[in-house]
Amino acid sequence: MKFIDIVSFERISVFLLILFRISAFLLSAPIFGSAYVPARTKIGLSLLLSVILLPIVEKGDFSPPKELLTYGIVVFREVMVGVIIGYSARLVFVGIDFAGQAIGLQMGFGIANIIDPKYEIQISIIAQFQGFVAILIFLCINGHHWLLQALAKSFETIPLSGFAVSPLGRPLFFAYSEEAVAILLKMSSDIFVVAFKIGAPVIVALFLTNVTLGVLTKAVPRMNVFFMSFPLTIIIGLLSLAASLQILGYLLPKIFHQMQNDIVTLIGIL
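Per this note's numbering: the sequence shown = residues 108 to 377.
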């Protein structure tokens, strides 16, 4: 095989399209898109995956457009595909962080915030802790392997040549589907469901603690309940959080598997 056949214009064009989808996915997906992962690692992984998937994608009948404007539209479409898949997987972790943020506020850690490298915003220490626990469980069940498999599968279900056509004969980025909109809305609303499932045990314990302190304030007016409430709330919150770790170990794998099914359905619909 000649060198010119290896680095032909069409191969380079297809390789760049694959690279754009993979790069957009890695930047938006959980774990891979985190600031904990160095930029060089992300770039190297994007190039490596693009080289691996290039022979598979080339088996299709896709011919890259030679016009710059048309090629730019295809590039934008590939970026959108990668972003949609990546952020769909990230939604579960948003719900987990939301639960941790609510718990931290109830415990009185509203001021004790730290910078979260995942989103580059200030979150409570409890939210950061629960985020780490979720990442560890996700890695233990090989969730990162599944994300890469879903990305590779997307090139079969959403090929590079997958332009839809509108009733007016104009090209669309995706075929409009009520099922796709429904699954995206479901995954977005599941943020609050996940947050409730994870945060409910600790929040209920803290709520009962505050109710008990309120009753003591009325029953024993001379008792300095306000002074006692801060350390007691923190102690009860930490004990409840420690006890809920077993619940996390039971709930999170099921939540991640449900996320897997939703993303597979979404990829098949787009």
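Be a bit skeptical, because a hint or two may be false.
[Unchecked claim] Dumping the calculated DSS-like pairs for lysine-lysine here, alpha-carbon to alpha-carbon at most 27 Å:
id, residue 1, residue 2
1, K293, K260
2, K166, K260
3, K293, K361
4, K325, K149
5, K304, K260
6, K304, K293
7, K260, K361
[To be verified] Label-pair restraints from in silico Cβ distances:
id, residue 1, residue 2, range
8, A307, H364, 17 to 27 Å
9, V327, L292, 47 to 57 Å
10, H364, L155, 20 to 30 Å
11, G375, L123, 23 to 33 Å
12, K260, A289, 16 to 26 Å
13, I354, T177, 45 to 55 Å
14, K260, S295, 29 to 39 Å
15, L339, L255, 42 to 52 Å
16, M187, V311, 54 to 64 Å
17, R329, A289, 17 to 27 Å
18, G356, L323, 32 to 42 Å
19, G321, Y357, 24 to 34 Å
Bear in mind the hints are in silico, worked out from the structure with no lab data behind them.
Even glycine gets a Cβ: it sits at the ideal position worked out from N, Cα and C.
(message) Under the constraints set out in the numbered hints, which ones does this structure not fulfil?
(response) 4, 5, 14, 16 and 17
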